[in-house]
Amino acid sequence: MSDQPSFSGNSSQRELAEQVFRIMQTQGAFFALDAPIRQTLANLTDFFASQRKADPAVIRQEIAAALNENKDIFAQEEHDGDVVYVISRQGAYRPRQEDTSHMFKHRLYEPENPLPVDDISVVVTTTRPALTTVEPVFISDYWQQQAGLTPVPSGLPEEEHEPAGVEAVSTVDVVEAPEEVEQVEETVDAEPVASTSSLPTTNTLIALPNGIQIDLSRSVEDLMGQYGATLVSQFRTAFENDPLRRLVSFGNDVYPEAAVANFGKNDLRRIRDYLTETGEPLLDTQIIADIFYHNPRQADYEAFRFALNYRLNREKDFEFVGVANARLWSTKGMPAIGGKRIKASDMGQIASYLEEDFDDSLNEQSTEAIRSSGSLNHILSFFEWEYGVLPFTKALRALLPGPLLSDQRTAVLRFESPQHYTTSLVELRYPTGNRGGWLQGFEEFFHERLVPGALITLSRTEEPHIFTITYEEQAETSDRLLVLDEKKNKFAFANVTYYCVVDEDMLINQQQYGRLRNLKSLPMNERRKGEQVLEHVFATVGEPVGTRSEPRYYSTNEELLVALNVLRPASPSYLAHLLKTGEFYEEDASKPGNWYYTPPPRVTDEDEEEDDVDFYDDDDE
Amino acid sequence: MDAKSVIFGETALDKLVQLLRAGGQPRDIVWVTERYLEILRELVTSEEQR
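Protein sequence lines, in the order shown, are assigned to chains C and R. Heads up, the first sequence is in numbering that gives the first Met the number 0, so the first residue is 0 and it goes up one at a time. Heads up, the second sequence is in numbering that gives the first Met the number 0, so the first residue is 0 and it goes up one at a time.
Don't read these hints as lab results, they were simulated from the structure. Treat the hints with care, since some could be wrong.
To be verified - Calculated pairs, DMTMM-like style, for lysine to aspartate or glutamate (alpha carbon to alpha carbon, straight line, at most 20 Å): (1) C:70 - C:109; (2) C:331 - C:314; (3) C:70 - C:17; (4) C:489 - C:534; (5) R:3 - C:140; (6) R:14 - C:256; (7) C:331 - C:426; (8) C:528 - C:345; (9) R:14 - C:239; (10) R:3 - C:109; (11) C:104 - R:37; (12) C:70 - C:140; (13) R:14 - C:252; (14) C:393 - C:426; (15) R:3 - C:534; (16) R:14 - C:241; (17) C:393 - C:355; (18) C:331 - C:272.
Treat the numbers as computed from the prediction; the structure is a model and nothing was measured.
Required output: the full structure, derived from the provided sequences and hints.
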């Protein structure tokens, strides 16, 4: 296939034109087929004059004449008084025409018939990608303009400017006289263009991983004021998911991973041994001082402290049990705080009523009052006194510190008794999911100093993990109070002498609650179910008003609450919920707050009937 | 830098790391977030000024 065009003119002109074409074709041998190849008339004249040893002026005329005859192949341009011929390797040069009318990016971002945008969430997806990489959410200018996030740039069709135009009319209307309508309209046409053209053309909006857009042209204070919590949480998520782990955190402290000191196996063993030897959780500062002899005045002290906390948190043998500003560490093999009378799984479910919104602890003291005063009053129930446990109510939540780490399950607090110069290590179990939280470890203090019904006060100190527990003392008092005989696993009344002020209604003495000695000390796993416990409690504490074949019991809210709190913690609203939802309870229409309980009919043998007789006999005591 | 190409939590993180290393001690996350916003702001607005 010939890649040479046909030339016109006389034979010498055709020959000359062909020679020039070949020369220029060779010159652009590595050019694209349709790329322009340029050569000046002066250069061509010099070349042919030296080749033919002829007069350059004559040659110039000959070349010009020959190429003029072939203008359709040799395009001509004028540059600095010289003629420049342009061809391509194919022949005549024709500028490339790029068809950009069907670009994919236009179809993707600016569809002809876009869906209506009612809400930016239609466009922004908040679903997590399968891979945990942090991807920005790009939103085209088109959609941003539709959602009103960015101003509409100038040069768009007239209707796009309508809102700005309307506003301009209204502003001008106020100023201008009504008769100058024509002039006003002219101003309207000009103003939007001027205002939009003065807007910054650079986009300063960035999208956070959750889809929220923030404008970086605003000050940092502004942004933090409006989006502070979101920005901090998104930033934390972002650097925690960074595959390079350039930044690491412990609690709210952040530091570059590369600068975090390492601890060898020997260091970790020494820390573990020291904790075990001490027998109780220790502060990070104490570990640093006693094991590593690091001085707080050293320049790298805070960095070393961060490293210790960060590294210990990644070791499975160590558990963080501290709070903000008091970073306590525990290790495997340390004595359990609060004993083992109640399993954590049982207690979590027993306290779950708190997470089901049956927490009345703020009825008498508001969160603000507790926070401002730094103290909380509480009346001990029998269950709390017996097991040394306090349910983690909203009131306690207002007083005690929250978890420092997101996956923290427990914190160890120290409760000091200024009246007796004793301290108790108390474990605070934070609520998880639908399981409630609680404090355990008061058993010894409660049994030695208090009785059920005692009014105690818990108060903060200057140390975030140290609290005080106090009670009001009174003269020696003796009474027959309910106690649990653990050997026989039975409740009984025994003579007890106490020295604390008590709430008389909550004091479980034989005079008020004599029937409670027949209460069965149900296994802890059965106490999880509030409904079953209440049935047993009602049948024990309630006044029998039925017959032997059709038993029925009658009791008051107050009595039931005290009795139910012998077997498990329960709030008044939780009790009310159990009574209202239970199918065997019926409220006394004449006396609201008093209830009847009709147990479901059941097949009983003779032995059980004899037991029932005992129950009735107790009423006479 | 065009704001569209900014990935929050990734873009210019190295600058923030340098800043923290130079400080020589861990910082509160709120403080770190503010410094990071300042770095991003500088990147984006310097483009605008040009």
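| task | Quickly compare the C-alpha distance for residue 70 of chain C and residue 109 of chain C to 20 Å and report which way the hint goes. | result | 44 Å, violated
| CA of residue 14 of chain R to CA of residue 252 of chain C, is that 20 Å or under? | 18 Å, holds
| Between residue 3 of chain R and residue 534 of chain C, is the straight-line Cα distance small enough, at 20 Å or below? | 65 Å, violated
| 20 Å limit on alpha-carbon distance, applied to hinted pair residue 331 of chain C and residue 314 of chain C | 11 Å, holds
| field | 20 Å Cα cutoff - pair residue 3 of chain R, residue 140 of chain C | value | 10 Å, holds
| query | For the pair supplied as a hint, residue 331 of chain C and residue 272 of chain C, is the alpha-carbon distance within the 20 Å limit? | reply | 10 Å, holds
| task | Would you check the hint for residue 70 of chain C and residue 140 of chain C, treating anything up to 20 Å between C-alpha atoms as holding? | result | It is violated: about 48 Å lies between the C-alpha atoms, which goes past 20 Å.
| Between residue 70 of chain C and residue 17 of chain C, does the CA-CA distance stay at or below 20 Å? | 13 Å, holds
| Holds or violated: residue 14 of chain R to residue 256 of chain C, with C-alpha atoms at most 20 Å apart | Holds - the C-alpha atoms of residue 256 of chain C and residue 14 of chain R are around 14 Å apart, at most 20 Å.
| Are residue 3 of chain R and residue 109 of chain C close enough, with their CA atoms no more than 20 Å apart? | 17 Å, holds
| request: Verify the proposed pairing of residue 528 of chain C with residue 345 of chain C, using a straight-line Cα cut of 20 Å. | output: Satisfied, since the Cα-Cα distance of roughly 10 Å is no more than 20 Å.
| field | Distance restraint between residue 14 of chain R and residue 239 of chain C, which requires alpha-carbon spacing of 20 Å or less | value | 17 Å, holds
Checked against the numbered hints given earlier, this structure breaks hints 1, 11, 12, 15; the rest are met.
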